[in-house]
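Put chain B on the given structure of chain A with help from the hints.
Same order as they appear, the protein sequences are chains A and B.
Counting in the working numbering, the first sequence runs from 1 upward without gaps.
Counting in the working numbering, the second sequence runs from 1 upward without gaps.
FYI, nobody ran anything at the bench for these hints, they're computed from the structure.
Any given hint could turn out to be false.
Since the list gives no way to pick one copy over another, a pair counts as held whenever it fits inside one copy or between any two copies.
[Unchecked claim] Simulated pairs of lysine to any residue, SDA-like, Cα-Cα distance not exceeding 20 Å:
hint: 1; residue 1: LYS121; residue 2: LEU88
hint: 2; residue 1: LYS26; residue 2: THR38
hint: 3; residue 1: LYS118; residue 2: ASN106
hint: 4; residue 1: LYS65; residue 2: GLN17
There are 2 protein chains.
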Amino acid sequence: MSNLRFTVNGESNSTTQFVANARHFKLVVDEPEDFGGTDAAANPVEYILAGLAGCINVVGHLVAKELGFVISKLNINVSGEINPDRLLGISIHERAGFQSIQINLNPETDADIVTLSKWLKIVENRCPVKDNFRNETPVRLSVEKVYR
Amino acid sequence: MSNLRFTVNGESNSTTQFVANARHFKLVVDEPEDFGGTDAAANPVEYILAGLAGCINVVGHLVAKELGFVISKLNINVSGEINPDRLLGISIHERAGFQSIQINLNPETDADIVTLSKWLKIVENRCPVKDNFRNETPVRLSVEKVYR
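Isolated chain A (complex conformation):
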C-alpha cells in the first residue's frame, strides 16, 4: 500500500499550553503548575504515552482476530522515567526523553498464555508507535519567522 500522511497543526496559547488540530479534533496540551503551566490538560509526554497505549490497543485487537481469539477487555499501563536536567539546561549528561518505557498488558480473553506470548511478539513487531520509540527516526526542524 502507499504511504499515509498524518499532520498536526497548532498554536501556542501560552508558554506551556498548545492547541493542536488533528483533522477535526482539537488536542489541548499543557503542563502541571509544578512545571510552570496552568494544568488545563495532559502534558506532552503523557500524550505520547497515551498514543503508545492506544496503538497497542488497536494492533492488539487486530492481531488477536488474525490468531483466532477475542479480547473482551484490554487494560494497558504505560510508564517511564525522565531526568529533567537536560530539558532545564542544568546538564547534558542525561538524555532529554524517557530513558526506557514499560508497557504492561492485561487482556481478558480465552486465549492461553502460550498464544498470548506469540500474540505479544507480533503486536510488538507491528505497532507503529512502538517502532518510533524503539528505533531511530529522522526528525527535521525548520524555522521561519512570521511578520504580522
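Relative to chain A, chain B alone:
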C-alpha cells in the same frame, strides 16, 4: 535532579477505542472509520505528533526566555508518513512507524533569524519528545492474563 515518572493507565472501549487516564485527565484515542474505528477521537499517531508539537512549544518558550527574547505566538506544524503494510501484516519490508518527521516552526517574535537558528538548535537538543523519536529507547512489554 532526580527522575520524574510519568504513567498512563487505561482500558479498551472497543477494538480501536482506548481511554487513557493520565493523572486527572482522560485521553480518548480512536481510529477513523477507514481504519475500522468509530472516529470518536484523534488516533494514536496523531496523539504522538500532538505531544511532539506540545513539547516543542514548552521548550521553545523556555529557551527563548533564557536567550532574552519573547515569542508572542508560535505556530507548529508536525507531519510524517507511515506505510501501513507492516501494521496490516501485508509485508515486513517497511518499518511500522513514521519513516521521518518534519517540524515547521513559525514564531512571532522580535528575535532575528540568527538568534532563531541558535534557539532552534538548543530546543532540538533539549526537547524530551524529540529525543524519544530521534533516538532509540528501550521498550519492555509484558502480558498477564486477567481472570474475572
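Do the hints match the structure? See the list:
no.: 1; hint: LYS121 with LEU88; in the structure: between (37 Å within a copy, 15 Å between copies)
no.: 2; hint: LYS26 with THR38; in the structure: both (18 Å within a copy, 17 Å between copies)
no.: 3; hint: LYS118 with ASN106; in the structure: within (15 Å within a copy, 46 Å between copies)
no.: 4; hint: LYS65 with GLN17; in the structure: between (40 Å within a copy, 16 Å between copies)
When each numbered hint is compared with the structure, no violation occurs for any of them.
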